[in-house]
Amino acid sequence: MRAADVRGQLERLGGAVTSQVWRLGFASRFLLYLVLHSGTALRRFRLTVAEIYFAGVLSLVIILVSGLFVGMVLGLQGYETLQRFGASESLGVLVALSLVRELGPVVAGLLFASRAGSAITAEIGLMKATEQLSAMEMMAVDPVARVVAPRFWGGVLSMPLLAALFSAMGIFGGYLVGVQLIGVDPGAFWSQMQASVDVRNDILNGVYKSIVFGIAVTWIAVFEGYDAVPTAEGVSRATTRTVVTSSLAILALDFVLTALMFTGGNGQ
Amino acid sequence: MNRSMIDLWVGVFVVAGFAGLIFLALKVGNLASFNTSQVYPLQAKFANIGGLKVRAPVKSAGVVVGRVAEIRFDNETYEAVVSMNLDQAFQFPRDTTAKILTSGILGEQYIGLEAGGDAAMLGSGDRLRLTQSAVVLENLISQFLFNKAAEGKEAAK
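If you read the protein sequences in the order shown, they are chains A and B. Each step along the first sequence adds one to the number in the working numbering, with nothing skipped, and position 210 is 210. Each step along the second sequence adds one to the number in the working numbering, with nothing skipped, and position 27 is 27.
A few of these clues could be false.
[Said to hold, decoys possible] Taking beta-carbon pairs under 10 Å as the criterion, some of the chain A residues facing chain B (in silico): (1) G56; (2) L60; (3) F172; (4) A195; (5) V197; (6) N201; (7) D202; (8) G206.
[To be verified] Derived CB-CB ranges, DEER-like: (9) R72/B x H37/A: 47 to 53 Å; (10) A89/B x S191/A: 17 to 23 Å; (11) G152/B x D185/A: 47 to 53 Å.
[To be verified] Short, incomplete list of chain B residues facing chain A, as computed with Cβ under 10 Å: (12) R3; (13) V14; (14) F18; (15) P57; (16) V135.
Honestly, the hints are just simulated from the structure, not real lab data. All residues carry an ideal CB built from backbone N, CA and C; glycine is no exception.
Only chain B is shown next, with the shape it has when bound in the complex (with noise of 0.2 Å):
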C-alpha cells in the first residue's frame, strides 16, 4: 500500500475516533444541557440531609434547575449547610421552600423547591430560610410504634 492510500486511512481512522468521542459526548452524555448555562449559587440549612449527595439535582415542580455544589456541615449550629448552583433563567421569591424529597420509592433524593408568594426575588449568595429535612425512615417507624404503644395503653385503661 502506499504513502497517500496509508495517510487516507490514518485520516478515516482519526475522524472516526473524535465522531465517536462526540457521540458519547453528545448523545450518551449530557453536555449540552447545563454546562455552558450561567448559574448562582444559593444556601440553605437542614437539620438532616439524609443521603442527599453533591451533583444531586434541584428540581421545582420536577423539572431540574440546578444542582447541588457542596455540602458542609455547620459546627456551631449542628445543621447541614448545602450549596447549590441554580440556573441564571430561573429565579424564585425569598420565601421559597426548599424540601429534600425522593424520587420513587428506592430512587436518588434531591431538593425540590416551592416558590413562595415573596415580590422580592433570592439573589446570588441568598440563604433559603424555609427548609424542611429528609425523612428518616428509622424515625417514621419508632414514631408509628409509639404511637401504637400509646394507643394499646388508652385501650387497656
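With the rest of the complex left out, here is chain A (with noise of 0.2 Å):
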C-alpha cells in the first residue's frame, strides 16, 4: 500500500517533469519555425506595424508614468543615502546607473509582460478557441506566418524603444525631484553622469538586455496563445501563464545577463 502510494507520486512528478520538457522542445520547434515563416510579416510590413501599434504605442502611458515615478523615487531614496556621507552630488551616477543597466529594461520587461504579453496571449487563445486559426488553414493561410509572426516581430521591436524611454523618462524624475525639488546642483547632476555612465559598457548592455527580456516575453506570450487549451478557462489560465513565466523569465535571465556582462574582466 504505501510502496504504491509513493509510486504513484513518483510516476506524477516524472509525468510533470516529462510534460514540462516536451512542452519546452515544442516551443524551441515552434519559435524556430515561426522565425523561418516570418516572411510574409516582414515583407507586409503593415501587419507588423498595426501590432507595433498595440504592443508599443499602447504601452506608451503606463510605461511612461512608471518611469517618471520610478526615477522621482529613486532621487528621494538615494538623496537620503547619498547625502549621509556628504555625497549628494553623485545623485545623478545612481539614479542613471540603477535605471540604465538594471531598473530600465527589468521593469519595462515585466510591464510590457503584463500589459501587452497577456494581450498577445488572449488574443490568440480566443482566435484558436473561436477556431479562426483553423478557419485559416481550411483557407490554406498559414496561422503562424499570418497571425503569429507579425505579433512576434511587433513585440520584438517595440520593447528596446519602450526600455529606453523608460530609463530616459526616469532619469528625468530623478532630475526633477533631485534638482528643482531637493536642490541638487544641475551642473554637478549631470556631469558627474556623464563622467560615470559608459555608452558601451553601461547603455549599450542595457539595449541588449532590453532585446533579449523582448525576444523572451513575446516568445512566451505567442506560444502560450498558440498552445492554450481552446476554451474560456483555458485561455485565461494561458494568460496567467504568459505574465508568470514571463515575468520569471525576465528575472532569471536577467540575473545571467549581468552576470555576463559586467562582472566580466573589466570590473567597472
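Take each chain as given, in its own frame, and dock them per the hints.
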C-alpha cells in the first residue's frame, strides 16, 4: 500500500517533468518555425506595424508614467542615503546607472509582459478557441505566418524602444526631484552622470538586455496563446501563465545577463 | 482607428524611442567625448598598481587626457605593465613622470602624468621611464609602526 503510494507520487512527478520538457521542446520548435516563416510579416510590413501599435504605442502611457515615478523615488531614496556620506552630488550617477543597467530593462519588461504579453496570449488563444486559426488553415493561409509572426516581431521591435523611454523618463524624474525639488546642483548632477555612465558598458548593455527580454516575453506570449486549451478556462489559464512565466524569465535572464556583462574583465 | 492613424502613431512611437536612446547616449553617457578622437598608446611599468583598473582615467594637471587600455603582469621583472591610450591632441616630453594617484580618500585610482623638461616628445608605443607606484595603506601603517617602535627604543636608552 505504502510502496504503491510512493510509486504513484514518483510517477506523477516524472510525468510533470516530462510534460514540461516536452512543452519546452515544442516551444523551441515553434520559435524556429516562426522565425523561418516570418517572411510574410516582414514583406507585408503593415501587419507588423499594426502590432507595434498594439504592443508599443498603447503601452506608452503605463511605461512613461511608471518610469517617471520610479525615477522620482530613486531621486528621493538616493538623496536620503547619499547625503549621509556627503555625496549628494553623485545622485545623478546613482539614478542613471540603476535605471540604465537594471531598472529600465527589467521593470519595462515586467510591465510589457503584463500589459502587452497577456493581451497577445488572450488574442491568439481566443482566435484558437473560436476556430479562426483552423479556418485560416482551411483557406491555405498559414496562421503562424499571418497571425503569430507579426505579433512576435511587433513585440520584439517595441520592447527596446519602451525600455529606452522608461530609462530616459526615469532620469528626468530623478532630475525633477533631485535638482528642482531638493536642490542638488544641476551641473554636478549631469556632469558626474556623464563622467560615470559609459555608452558601451552601461547603455548598450542595457539595450541588449531589453532586446533579450523582448524576445523572451513575446516568445512566451505567442507560444502560450498558440498552445492554449481552446476553451474560456484554457485561455484564461494561458494568459496567467504568460504573465507568471515571462516575469520569472525576465528576472532569471537578468541575473544571467548581469553576471555575463558586468562582472567580466574590467569590473567597472 | 484607420490605417494611416496607426501608421502615424507608430511613427511617433519609433521617433520617441530613438529620441530616448539618443538622449541616453548623448546627455547621460559620454559618447561625445573621447570615443571619436584619435589616440596613441604609451606604456609604463609600475612596482605596484594598487587598485588601478582598465578604463581608469589618465590625467595631467587634473584634466583627463587618456584612459588605461590594458594591465599585464611582466613575469621577467615581476612588475605590472600598464598600457594607456592618450588623446592625439596632447603630447608629453620624454621625461614625463607617471604616478598612480587616488581621487579623494575613498575615490577611484587614476594615473597622473607630470610633464618634464625634455625637448623630445613621447611617440606612439613609447615607455614612460619614471614611474611612482600606488600608495598601499598597509605598507604606510607598518612603516609608521616601525618608526614609532624605533623611537620608543631610543627614548628608553
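Results for each hint:
no.: 1; hint: G56; in the structure: holds (5 Å)
no.: 2; hint: L60; in the structure: holds (7 Å)
no.: 3; hint: F172; in the structure: holds (9 Å)
no.: 4; hint: A195; in the structure: holds (7 Å)
no.: 5; hint: V197; in the structure: holds (5 Å)
no.: 6; hint: N201; in the structure: holds (8 Å)
no.: 7; hint: D202; in the structure: holds (7 Å)
no.: 8; hint: G206; in the structure: holds (8 Å)
no.: 9; hint: R72/B x H37/A: 47 to 53 Å; in the structure: holds (50 Å)
no.: 10; hint: A89/B x S191/A: 17 to 23 Å; in the structure: holds (21 Å)
no.: 11; hint: G152/B x D185/A: 47 to 53 Å; in the structure: holds (49 Å)
no.: 12; hint: R3; in the structure: holds (7 Å)
no.: 13; hint: V14; in the structure: holds (7 Å)
no.: 14; hint: F18; in the structure: holds (7 Å)
no.: 15; hint: P57; in the structure: holds (9 Å)
no.: 16; hint: V135; in the structure: violated (21 Å)
Of the numbered hints given earlier, the model fails hint 16 alone.
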